[in-house]
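Undergrad: In case you want the letters, here they are:
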Amino acid sequence: MKRGGLQGYIIKRLIYAALIAFGVVTITFILLRLGPTSPADKYLANMSARTQDPAQVVTAVEARYGLDKPLYQQYGNYLINLARGDWGWSFSTSMPVIKLIQTHWVYSFQLILLSMLFAASLGLLIGVYSAIKQYTRIDYLATFFSFIGISIPNFWLGIMLILVFSVQLGWFKTYYDTGLPMFSLANLKALILPVITLGTGMMAGYTRYARSATLDNLGKDFVRTARAKGLPERVVIGKHVFRNAILPIITIIMFSLSGIVFGGAYLTEIIFGIPGLGRISFNAIFASDYPVVVTITLIGTLVVLLTNLATDIVYTWLDPRIRYD
Amino acid sequence: MRYRMMRQTSRKVGGKRNLIFIGTLLVLGLIVLLDIYLVDRILEPMGYFYLFFVAVAVLYGVYPLHANRRLTRYYWERTKRHRLSVLGLAFIILLVAVALIGPLLTQDPTRVNFDEKNVPPVGFTIQQSIYDLDTDKFLVREIPGTYQHPLGTDDKGRDLLAMLVSGARVSLQVGLLATLIAILIGTIMGVVSAYFGGWVDQVLMRFTDIMMTFPFFILLVFIIFIFGPSLVFIILVIGLTGWTGAARLVRSEALSLRTREFVMASRSLGASDARIVFRHLIPNVLSSVIVIATLSIPGVILAEAALSFIGLGDPTVTSWGMILNAGQRSLDTAWWVAVEPGILLFLTVLAFNFLGDGIRDAFDPRSQL
Numbered sequence: 001m002k003r004g005g006l007q008g009y010i011i012k013r014l015i016y017a018a019l020i021a022f023g024v025v026t027i028t029f030i031l032l033r034l035g036p037t038s039p040a041d042k043y044l045a046n047m048s049a050r051t052q053d054p055a056q057v058v059t060a061v062e063a064r065y066g067l068d069k070p071l072y073q074q075y076g077n078y079l080i081n082l083a084r085g086d087w088g089w090s091f092s093t094s095m096p097v098i099k100l101i102q103t104h105w106v107y108s109f110q111l112i113l114l115s116m117l118f119a120a121s122l123g124l125l126i127g128v129y130s131a132i133k134q135y136t137r138i139d140y141l142a143t144f145f146s147f148i149g150i151s152i153p154n155f156w157l158g159i160m161l162i163l164v165f166s167v168q169l170g171w172f173k174t175y176y177d178t179g180l181p182m183f184s185l186a187n188l189k190a191l192i193l194p195v196i197t198l199g200t201g202m203m204a205g206y207t208r209y210a211r212s213a214t215l216d217n218l219g220k221d222f223v224r225t226a227r228a229k230g231l232p233e234r235v236v237i238g239k240h241v242f243r244n245a246i247l248p249i250i251t252i253i254m255f256s257l258s259g260i261v262f263g264g265a266y267l268t269e270i271i272f273g274i275p276g277l278g279r280i281s282f283n284a285i286f287a288s289d290y291p292v293v294v295t296i297t298l299i300g301t302l303v304v305l306l307t308n309l310a311t312d313i314v315y316t317w318l319d320p321r322i323r324y325d
Numbered sequence: 001m002r003y004r005m006m007r008q009t010s011r012k013v014g015g016k017r018n019l020i021f022i023g024t025l026l027v028l029g030l031i032v033l034l035d036i037y038l039v040d041r042i043l044e045p046m047g048y049f050y051l052f053f054v055a056v057a058v059l060y061g062v063y064p065l066h067a068n069r070r071l072t073r074y075y076w077e078r079t080k081r082h083r084l085s086v087l088g089l090a091f092i093i094l095l096v097a098v099a100l101i102g103p104l105l106t107q108d109p110t111r112v113n114f115d116e117k118n119v120p121p122v123g124f125t126i127q128q129s130i131y132d133l134d135t136d137k138f139l140v141r142e143i144p145g146t147y148q149h150p151l152g153t154d155d156k157g158r159d160l161l162a163m164l165v166s167g168a169r170v171s172l173q174v175g176l177l178a179t180l181i182a183i184l185i186g187t188i189m190g191v192v193s194a195y196f197g198g199w200v201d202q203v204l205m206r207f208t209d210i211m212m213t214f215p216f217f218i219l220l221v222f223i224i225f226i227f228g229p230s231l232v233f234i235i236l237v238i239g240l241t242g243w244t245g246a247a248r249l250v251r252s253e254a255l256s257l258r259t260r261e262f263v264m265a266s267r268s269l270g271a272s273d274a275r276i277v278f279r280h281l282i283p284n285v286l287s288s289v290i291v292i293a294t295l296s297i298p299g300v301i302l303a304e305a306a307l308s309f310i311g312l313g314d315p316t317v318t319s320w321g322m323i324l325n326a327g328q329r330s331l332d333t334a335w336w337v338a339v340e341p342g343i344l345l346f347l348t349v350l351a352f353n354f355l356g357d358g359i360r361d362a363f364d365p366r367s368q369l
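Residue numbers (the working numbering), protein chains in the order written: chain A, 1 to 325; chain B, 1 to 369.
These are computed hints drawn from the structure, not numbers from a lab.
Check each hint, because a few of them may be wrong.
Said to hold, decoys possible - In the EDC-like style, the derived pairs of lysine to aspartate or glutamate whose C-alpha atoms are separated by at most 20 Å in a straight line are:
{"hint": "1", "chain 1": "B", "residue 1": "80", "chain 2": "B", "residue 2": "115"}
{"hint": "2", "chain 1": "A", "residue 1": "12", "chain 2": "A", "residue 2": "216"}
{"hint": "3", "chain 1": "A", "residue 1": "173", "chain 2": "B", "residue 2": "332"}
{"hint": "4", "chain 1": "A", "residue 1": "99", "chain 2": "A", "residue 2": "86"}
{"hint": "5", "chain 1": "A", "residue 1": "12", "chain 2": "B", "residue 2": "209"}
{"hint": "6", "chain 1": "B", "residue 1": "80", "chain 2": "B", "residue 2": "332"}
What the hints assert, rightly or not - Here are some chain A residues the structure puts well away from chain B; computed CB gaps all over 12 Å:
{"hint": "7", "residue": "16"}
{"hint": "8", "residue": "33"}
{"hint": "9", "residue": "76"}
{"hint": "10", "residue": "99"}
{"hint": "11", "residue": "106"}
{"hint": "12", "residue": "247"}
{"hint": "13", "residue": "288"}
Claimed, not checked - Covered by chain B, per the in silico footprint, the following chain A stretches (three or more residues, Cβ under 8 Å):
{"hint": "14", "segment": "143-157"}
{"hint": "15", "segment": "191-204"}
None of these values were measured; they are calculated from a predicted model.
Where a beta carbon is used, it is the ideal one built from N, C-alpha and C, also for glycine.
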């Protein structure tokens, strides 16, 4: 059976992504059940502290979480609830988890989006430029700084930025002000330090990839042809080199979402007190608020899965040479 | 002549060594079992990791390098041309020395002394307002750095030098041991997957895909949240989750090796699967494995630091992340508490990155140095 071209490929990728999502959800469930304390225990500790009648709470909690049912049934319910958007009740904030996430995801989103824009645009620019000027002082400088950028722990960079610009110079607030309207200059200003914190490491990485990808293409025959035709250097670089170099870079950018961006955003939110999903999860950890931690782990993972899927599909569209079978 | 030399070399590095290694593992496993079922402890959990690490390092690091002195010299000559990587190596050796000997020489990193809180490093002086019980007023006092606490103290009066030395030990423990576990799992997964192919490959690689989808740090936070923090457990978890990159790399290398003539020849001479895997595939992927190991140590060290920074580290040991956390809380009164562990963390990561780059260039025969 041979399905036609791109459509078949996309369907295949979708099925594959669904399978992986299923695997991720299952592993999360197994980890939860393997844990030394069940969600009920932590919930119990929290509840009995309020009601002061643990015996009564035990049965209530077990019934509520379905922990008295056999394991396969628990697993089934877990899947069904996930699919239905019934992600449990966050007792530390007294609201449904889905509501909590709906009100807070946007803070993470704006931070990640701005940081990626910052990192990708600057990284590409510096990388391509330093490749064109290979072995000049500018190139060495860019390489040196990208090395530093990759090695600097981003949470420490954040703290140092706060120390210098907020504590010593007093240019920014030491904490993110949640009262600011989303689309305002003040909000943008409040996000400058977090974006630099999260973006620097990424930018350094992208610079290196952009540099090497550009160098790869600069030596190709079609570039020599383009130059031989007498095309201006601007067109040679912009059209022939850059377009070919951007493909691997896009993949790198998208795939870096999983490790660097999510881990980094988590820490950045904690340092600057931005009430995004990372900060929510952090607070939930210390309140032993199980449903919140589980849900945010799953959301992070599924977002990564979706971006990887999107990357694959965008890639085939950007590069017609790729065969999708 | 050349052939004889090669045969000697291969005799030196192969064969018995794997047996010795497996034997060591069995002995260690036995001790663990004894440890679990006997009442009195033979070793601290960390002790097993150390023995394991030493076994691997001697059998697969020191011994082959010693047996192939000419190759070792060649690699060293090539690595040496990378100035920064030599600098990185020097820093790492220094750090290891400090981590090994340092705790014996410094003060107790956990000793709290509120009379000496927020003392700046030597050469700095800060103004501190102190509540005076007698006059019922806040007095502004100048506090100079003292040689008793050369790097200052934190807001509980703990000696920062001692804390940083203790942190160096923690970071290196986690970085080296967790990477070792991850690399071992990754290498085995990759080689097995490539060599056997078919459904074995499918299953292993799909599992790798799933593991890769989890954002590493968030998975780490999740697992530590469920199972609770302890240093041994953190090392295990990082090791058990961080092998995916190595598995992919080793698999792709082993795939191309599998079809090479010398493997074919060996198989047609009747070599067993185990012999081909241990004698031909693993030694040939080893150089890439060493490179990826060196380059993944910084990530592991950072992960541990980040974990303890957000309060999910082992509460019984002082680590750099923990000091950073304390430092962020006292940024406006004691800036050095946040600055010092960060600089060390940064230099350590930089050193491993430099060394890794140097080794990669040295091991890659195509690269012109």
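Undergrad: Which earlier hints can't be squared with this structure?
TA: 1, 2, 6, 7, 8, 13, 15
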